[in-house]
Amino acid sequence: MCETCGCGEASAHVHAHPLAPPSALGSGQAPTLTLPPAPSRHIELGRAVLADNDARAADNRRWLAERGVRMVDLISSPGSGKTALLEATLDALAARIRVAIIVGDPETDNDARRLRGHGAEVRQVETAGACHLDAAHVRRHLVELAGGGLDLLIVENVGNLVCPAAFDLGQGRRIALLSVTEGEDKPLKYPALFHRADAVVITKCDLIPHLRWDRAACLANLRRVRPDVRVIEVSAWTGQGLEDWTDYLAGAP
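Mapping to my numbering: the sequence shown position 56 is 56, numbers consecutive.
Derived by calculation from the structure, the hints in this document are not laboratory data. Since no wrong hints were added, every one of them can be taken at face value.
Label-pair restraints from in silico Cβ distances: (1) 94 - 144: 16 to 22 Å; (2) 54 - 191: 17 to 23 Å; (3) 195 - 247: 20 to 26 Å; (4) 188 - 136: 27 to 33 Å; (5) 79 - 144: 26 to 32 Å; (6) 149 - 210: 41 to 47 Å.
For every residue, glycine included, the Cβ atom is placed at its ideal position computed from N, Cα and C.
Required output: the full structure, derived from the provided sequences and hints.
Next up, the structure:
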């Protein structure tokens, strides 16, 4: 994962674990593995990457606080419904507060184009395959988005439940999205994100009648990882829970 520079420097990865040649596999000899080198450099590089990012995130946080701008970071799996929820969110907040969005994707500006149709300033970050945004990505767009008057900046992070949780962007709140189609055990499989989340938004709740989804089990798993986490259940399609969600965002520090 990216705490060990999972996408910042190719040389930090060792992917080659070749088996013995095919001729040896059929000869009765036990196949041998080529083991990667000791991970000491890997760990040192990861610490340096995170330390540099934390410093940049602190600068972002100070810059935003000086201007009275709040920022939230939305993290989820691909396909959890982040963009659909943001479309409904922008429509609901349009008359209440000034909102802008930074969208992160490995490639394409599809999500950004969708969101621009809802009246907000939107900036796309194409990460060229990297699996998360970092504080530097956000900083590049702060002045143009937040320098001229803004209440809330929403970051739609790259779809990934692991790496984005390790990188502080300077946000006031980190929000995890979990769709009902993903199952109840995601908080236990990916505890780092859910432990660090200030709120969890359960999405696509309109699909519950068509699924074998155990709400009680999902909530219990969330409480095991983060006992005091705020949970908001929504459907961007029907509007269920959108008032609670937008009230939460409007009051986010």
